[in-house]
Structures are given as structure tokens and as C-alpha cells.
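As they're listed, the protein sequences go chains G and L.
In terms of this note's numbering, the first sequence opens at residue 14 and continues consecutively.
In terms of this note's numbering, the second sequence opens at residue 2 and continues consecutively.
Calculated directly from the structure, the hints in this document are not laboratory data.
Idealized CB from N, CA, C, for every residue including glycine.
Errors might be hidden in some of the hints.
Beta-carbon label-pair distances, calculated as ranges [stated by the list, open to error]:
{"#": "1", "chain 1": "G", "residue 1": "PRO345", "chain 2": "L", "residue 2": "ARG94", "range": "57 to 65 Å"}
{"#": "2", "chain 1": "G", "residue 1": "GLY28", "chain 2": "L", "residue 2": "PHE207", "range": "29 to 37 Å"}
{"#": "3", "chain 1": "G", "residue 1": "ARG88", "chain 2": "L", "residue 2": "THR208", "range": "47 to 55 Å"}
{"#": "4", "chain 1": "L", "residue 1": "LEU14", "chain 2": "G", "residue 2": "ASP125", "range": "42 to 50 Å"}
{"#": "5", "chain 1": "G", "residue 1": "ARG123", "chain 2": "L", "residue 2": "PRO87", "range": "34 to 42 Å"}
{"#": "6", "chain 1": "L", "residue 1": "MET109", "chain 2": "G", "residue 2": "THR146", "range": "38 to 46 Å"}
{"#": "7", "chain 1": "L", "residue 1": "ARG94", "chain 2": "G", "residue 2": "PRO281", "range": "55 to 63 Å"}
{"#": "8", "chain 1": "G", "residue 1": "THR146", "chain 2": "L", "residue 2": "ALA176", "range": "23 to 31 Å"}
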Amino acid sequence: MSARLEIDRIETSYGATRVLKGVSLDVAPGEFVALLGSSGCGKTTLLRTIAGFLSADAGEIRVGGRDISGEPPDRRGMAMVFQSYALWPHMTVAQNVGYGLRLKKWDRARIDARVNEILAMLKLDGFGHRNVTQLSGGQRQRVALGRALAVEPQVLLLDEPLSNLDARIREDVRHEIKALQKSLGITAIHVTHDREEAMVMADRIVILDAGQIAQVGPPETIYNAPNSPFVAAFMGATNVVRIEAERSGEAIVVAPGAGNRPARLARPGPQGFARGKLVAHFRSEAAELADAGADFADSLMLPGRIVQAAYPGGVWRYSVAVGESQFLVDAPEKRALGDAVAVRVPADALHLYQAGAS
Amino acid sequence: MSAALRWPLRAVLLGLAVFVIFGPLANLLIWSVAEAWFWPNKLPSQWGFRFWEVVFRPTGRAMESLWLSVWIALLTTAASLALSIPAGYALARGRLPWRPVVLLLFLMPQAFPSLPVYINIAQIFFAFDLNGTVPGVVLVHTVHGLVYSVWIATAAFAAIEPELEQAARNMGAGAPRTFFEVTLPLAAPGLVASAIFVFLESLDEFTGSFFVGAPEVRTLPLLLYNAAAGGNIQIASISALILLVPSVAFMLLVERFLKGEVMAKLGR
Ligand SMILES: Nc1ncnc2c1ncn2[C@@H]1O[C@H](COP(=O)(O)OP(=O)(O)O)[C@@H](O)[C@H]1O
Ligand SMILES: [Mg+2]
Chain G
14 MSARLEIDRI ETSYGATRVL KGVSLDVAPG EFVALLGSSG CGKTTLLRTI
64 AGFLSADAGE IRVGGRDISG EPPDRRGMAM VFQSYALWPH MTVAQNVGYG
114 LRLKKWDRAR IDARVNEILA MLKLDGFGHR NVTQLSGGQR QRVALGRALA
164 VEPQVLLLDE PLSNLDARIR EDVRHEIKAL QKSLGITAIH VTHDREEAMV
214 MADRIVILDA GQIAQVGPPE TIYNAPNSPF VAAFMGATNV VRIEAERSGE
264 AIVVAPGAGN RPARLARPGP QGFARGKLVA HFRSEAAELA DAGADFADSL
314 MLPGRIVQAA YPGGVWRYSV AVGESQFLVD APEKRALGDA VAVRVPADAL
364 HLYQAGAS
Chain L
2 MSAALRWPLR AVLLGLAVFV IFGPLANLLI WSVAEAWFWP NKLPSQWGFR
52 FWEVVFRPTG RAMESLWLSV WIALLTTAAS LALSIPAGYA LARGRLPWRP
102 VVLLLFLMPQ AFPSLPVYIN IAQIFFAFDL NGTVPGVVLV HTVHGLVYSV
152 WIATAAFAAI EPELEQAARN MGAGAPRTFF EVTLPLAAPG LVASAIFVFL
202 ESLDEFTGSF FVGAPEVRTL PLLLYNAAAG GNIQIASISA LILLVPSVAF
252 MLLVERFLKG EVMAKLGR
């Protein structure tokens with residue numbers, strides 16, 4: 014029952030405020046896409062536009078090749094799991110799950126059988142007669158999912174369904190959702206602002222920034238090759254250092270700067286780069302701490318002092334003051350506050366962008 | 002406040018409350034079974050159920066008036082629900098720029114002294130031959146009831162998360178079906194509350210009934226007034242006691258159905 018979902022240059026506004034500024038996305042049948050972006054960037058707006066609760070000012074939405082932009086929400090063949098779950102408090106669990114089937118005019122026995130099947134699949138056996146108000150957050154979430162899955166939708170839309178759950182339940186439910194979606198072969202868009210959730214669940218990640226798509230790709234590509242400083246920062250490369258460099262063949266030569274020592278990095282830098290200012294992003298776990306005087310080939314060295322230390326588990330996380338800026342660096346060894354150290358960032362851990370281009 | 006002071010104070014307040022509520026009631030009760038009671042006696046000189054018998058006599062005016070009052074109250078309730086459900090829904094859901102104005106408009110009949118308002122209404126109704134008819138009285142009561150029922154219905158609909166309706170649309174229900182299967186059941190407690198309120202208001206209503214209905218349409222409050230004005234305090238007391246029955250039933254209903262949850266919804 015899966016279908017291709019094509020979103021073609023969609024623009025959506027609230028009053029005079031344009032929230033989606035031309036979003037295009039192609040989701041293959043059975044594909045699981047995670048829509049990732051910070052709060053307020055338009056994720057919910059996009060889902061609501063796809064589901065038909067908001068009408069787009071421009072653009073087209075196609076399901077299986079058919080343009081549904083003009084259809085009302087009840088004729089779009091989509092099932093949405095709302096962030097608030099939106100379960101009907103005047104119906105039991107079974108009535109909630111079976112509602113869509115009742116609308117399809119299935120007979121009672123068939124609905125009961127299907128509802129029981131769904132409840133069993135979601136480990137909610139025996140909950141059918143409960144009132145939804147008597148359920149825990151995790152159980153409600155699964156009822157909401159069951160209601161959406163019961164109708165075997167062509168497209169499943171999930172709006173941060175896990176954000177209200179405890180961290181521990183969340184892990185379980187992630188796997189449940191992913192496994193169900195794969196076994197049923199449903200095309201799915203999962204909205205989240207949790208990077209890790211997107212990474213572990215999605216076939217493909219879409220990064221949304223202020224109503225526009227910043228990057229689309231498989232998780233490992235987004236993680237390892239973010240195409241802009243925004244995506245790099247969003248994917249956790251939050252340490253930023255500005256450097257002056259010049260291209261030399263397949264390498265770049267970094268001039269000594271306010272924070273960094275001179276270096277030669279065996280990589281070409283951003284496309285079309287010859288010389289000038291670069292913005293380099295790196296992750297705390299991709300850098301290392303070296304002794305103050307040490308020098309490493311093919312690495313950016315940032316000498317500084319430890320100003321803060323914390324132990325989040327596994328490794329130590331140090332805050333290192335380098336010139337005016339501070340960097341977060343993970344290291345396995347314990348060091349004292351005030352120690353003079355050098356942050357070593359290997360060339361392949363650096364995400365380099367031309368300064369000024371964002 | 003010290004505990005030593007608190008208890009006596011509570012007892013006094015409670016005693017006052019009991020007196021204020023039950024004092025007049027006791028008076029009514031005594032009057033209803035007083036066959037003769039002359040000043041300056043503290044109690045009736047002759048007791049009996051003669052006047053009860055008069056009131057409940059099958060041919061008696063009182064029973065006729067009671068059924069008429071109930072019938073008018075039922076029609077009023079139906080009419081005000083039929084108007085306040087769509088109006089309340091539109092006010093709660095529609096993004097009307099003049100929403101506060103409309104809501105205030107429904108309060109207008111309450112803002113002016115009721116006497117001139119009803120005299121005017123009576124004059125208008127006269128032109129339409131509605132004076133002295135049941136539809137005329139129902140209309141007056143409905144206008145009066147709408148003040149409350151539209152506000153309560155608006156609150157009841159506004160308390161429903163739009164996502165609950167969207168979820169139904171999303172599952173494949175059209176707009177009318179969504180309204181009847183999700184919106185209306187969820188608003189029901191508030192609507193029932195407003196219906197009960199309108200019913201009781203209509204049952205009790207005097208001024209409008211007097212100007213529009215009298216003398217042809219004689220509701221129980223009008224009968225009560227006539228009896229009292231005519232010096233027949235026994236009949237008036239018994240009518241008042243009969244009128245009390247629905248009010249008490251209402252209190253019990255409120256107790257049973259309008260638990261904290263619903264009231265909280267109305268308050269939102
Ligand atoms: N009903 C609304 N009316 C006006 N503006 C809205 C409404 N809903 C959302 N917005 C605005 O649109 C932007 C995107 O919102 P939303 O799609 O909910 O973001 P996200 O789901 O990514 O957190 C936000 O700036 C938000 O303030
Ligand atoms: Mg959102």
C-alpha cells in the first residue's frame with residue numbers, strides 16, 4: 014500500500030508570514046524520511062500542509078503521481094500521528110484505533126479482529142476497553158500510532174511523537190516504529206528536532222532551516238559531509254574556528270592566526286577555494302587534547318588552557334580557552350583546570366566552509 | 002486565626018446560611034398547610050391540606066399552568082440549543098475579527114433594565130400577532146436564554162482541541178461527520194449544562210411572560226403572582242414550592258454530571 018510522495022515547491026503562510034519558502038522533497042515508496050530542524054523552522058507546518066490542514070499558497074503535493082493539493086484532509090489517504098496524540102477522550106482505546114475502519118464501513122467483526130491484531134502488534138493486548146485517559150504517555154503514543162496504522166495509510170506522518178516520552182521508553186518506541194514501518198512498507202515522514210532520533214530511524218534525513226531545505230541525504234552523509242555551517246552546527250559540530258588559508262595543490266596551507274598555529278592540511282578545502290578566510294567546524298569527540306608544545310602533521314593545532322571539566326561518562330569533556338574563543342573537547346585522560354594544552358583537530362575532522370557563505 | 006475562635010465562627014456562619022436558605026422555605030411550607038393564619042398569631046390557627054388539594058385538583062389552574070410552563074421551557078431549551086450550537090461553534094472556531102463584539106451583543110438584553118426591553122418586545126410582537134401566544138413567550142424566553150447558552154456553548158466548543166477534530170478528518174471523516182462524532186460529544190457536558198440552565202430560567206421567568214404572554218398564556222410564575230396579588234398566599238406558596246422542584250433536581254444533576262472536569266473545561 015505504499016506510494017511515492019512528491020512535495021513540489023510548497024509555500025505556506027500564516028497570514029502574512031511566509032513559513033515554508035519553497036520546499037521540494039521526493040519520498041520513495043516505503044522510504045522513511047526524518048525531517049530535522051530546530052523549533053519553529055516549519056516542520057509541523059510542512060506536515061500539516063501535506064495532511065491538508067493548511068493550504069499551500071503555491072506548489073503541488075502528489076501521492077502516487079496524483080496531485081492532492083486541492084483535496085480535503087479526509088481524501089488524502091494519509092495518517093498523521095499528532096505530537097499531542099489527539100486521542101478522543103470519549104472513546105475507548107479500541108474505538109480510537111477502529112475509528113478509521115468504521116469510516117471505511119468495515120463490519121463489526123472485521124474491525125474487532127483488526128483492532129485486536131493492531132493492539133497485539135503494539136503490545137497493548139487487553140487495553141481495548143480502557144479509556145484513553147487512563148493510559149500512560151507511552152501507551153497513548155502507541156494508541157495514536159495504532160489508530161494511524163489501522164487504516165493502512167499510503168503515507169504516515171509522524172509529528173515528534175516521541176518528544177513527550179521518557180528517555181528510556183523513547184529508545185524502545187523508536188525501534189518499534191521503525192520495525193513496523195519497514196514490515197508494513199509504509200512511506201513515512203517523521204518530524205523531530207532530536208538529531209540522534211533522526212540518525213537511528215531514518216533512511217534519509219532532511220534538514221529544514223527557516224522554511225527551506227538545507228540538506229537532504231542519508232544519515233552518514235549528513236553527519237560526515239554537512240554542506241553548510243548551519244547543518245554542521247546542527248549535526249553537532251558546534252566548535253567553530255576562523256582561519257586564513259591558501260590552497261596548494263590538493264592541500265591547504267593554514268596561516269598562523271589568533272588561535273591557531275600554522276598547519277598544512279592534506280585536503281583541498283571547499284569547492285573553488287583558492288585563498289582567504291575559512292570557517293572550520295568540528296565536533297568535541299573528533300578532536301583530541303595534546304600537550305602544549307606537541308605538534309602533529311595534517312592537523313589544526315589550537316593552543317590554550319583548560320577552563321572547565323565535566324565527566325558526562327566514558328570520556329572527560331573539557332572546555333578549552335583558545336584566544337577569545339572556547340572549544341569543547343572530549344579526552345579520555347583526566348587533566349587539571351588551568352593546564353596548558355593544545356587542541357588537535359585532525360584534517361578529516363574539520364568541516365571547512367568559505368567565510369561569508371553561509 | 003486560632004482554632005478556638007474558628008469553630009464558633011464557622012458554626013455561626015453555617016447557622017446564618019441555614020437560616021437564610023431554609024427560613025423562607027419553612028415559611029412557605031407553613032403557609033402551604035395553613036388554612037387559617039391571622040395576625041398577630043405566630044403560627045396558623047388551622048392546619049390542613051385543603052389548598053394543596055385545590056392546586057392538584059385535575060381541573061385546577063395550577064397543574065395546567067405547571068404543564069404549560071414545562072412545555073414552554075422545553076420548547077425554549079430546544080430553540081436556544083438549536084441557535085447556540087451553531088452560533089457557539091462559529092464563535093469558538095471561526096476567526097471572526099468581531100468575535101468579542103458578537104459575544105457582547107448577546108449580553109445586550111441583560112445590559113438594559115428588563116422592563117423597558119420587554120415592553121418594547123411586547124410592542125413589536127403585537128405587530129406580529131405574537132402577544133398572548135405560546136410561540137411569543139417561547140421567543141422571549143429564548144432571547145433571554147441565549148444570553149447564557151451562547152456564551153456557555155462558545156466556551157464548550159473553544160475548550161475542544163482543534164487537533165481532535167483534525168484527527169478525525171485525517172482518518173477519513175468528512176466535516177459533518179467529524180462534528181457529530183467528535184465535536185458534539187466532546188462539547189456535550191457544557192451544552193447539557195447550558196440546556197438545564199435555560200430550562201430553569203424559562204420555568205422561572207416572569208417579566209417577559211407577563212408582558213408578552215398574559216393574560217392568555219398563564220405560566221406558573223404568572224399564576225403565583227396572581228395568587229399572591231390576590232391575597233391568596235397559600236396558593237402562591239404552593240406554586241413556589243412546585244417551582245422549587247426542578248431547581249433542586251438541577252442541583253442534584255449538577256452534582257452528578259458537572260464534576261470538576263467539566264467545570265474546568267468551561268473555565269478555560
Ligand atoms: N497557527 C499559527 N499562526 C501563526 N503562526 C504560526 C502558527 N503556527 C506556527 N506558526 C509560526 O510558524 C513557524 C513554524 O512553526 P512550526 O511549523 O510549528 O514549527 P516547528 O514544528 O518546526 O517547531 C513558527 O515561527 C511559528 O511561530
Ligand atoms: Mg512542531
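Against the earlier hints, flag every one the structure doesn't satisfy and list their numbers going up. Per hint list: 2 and 4 violated.
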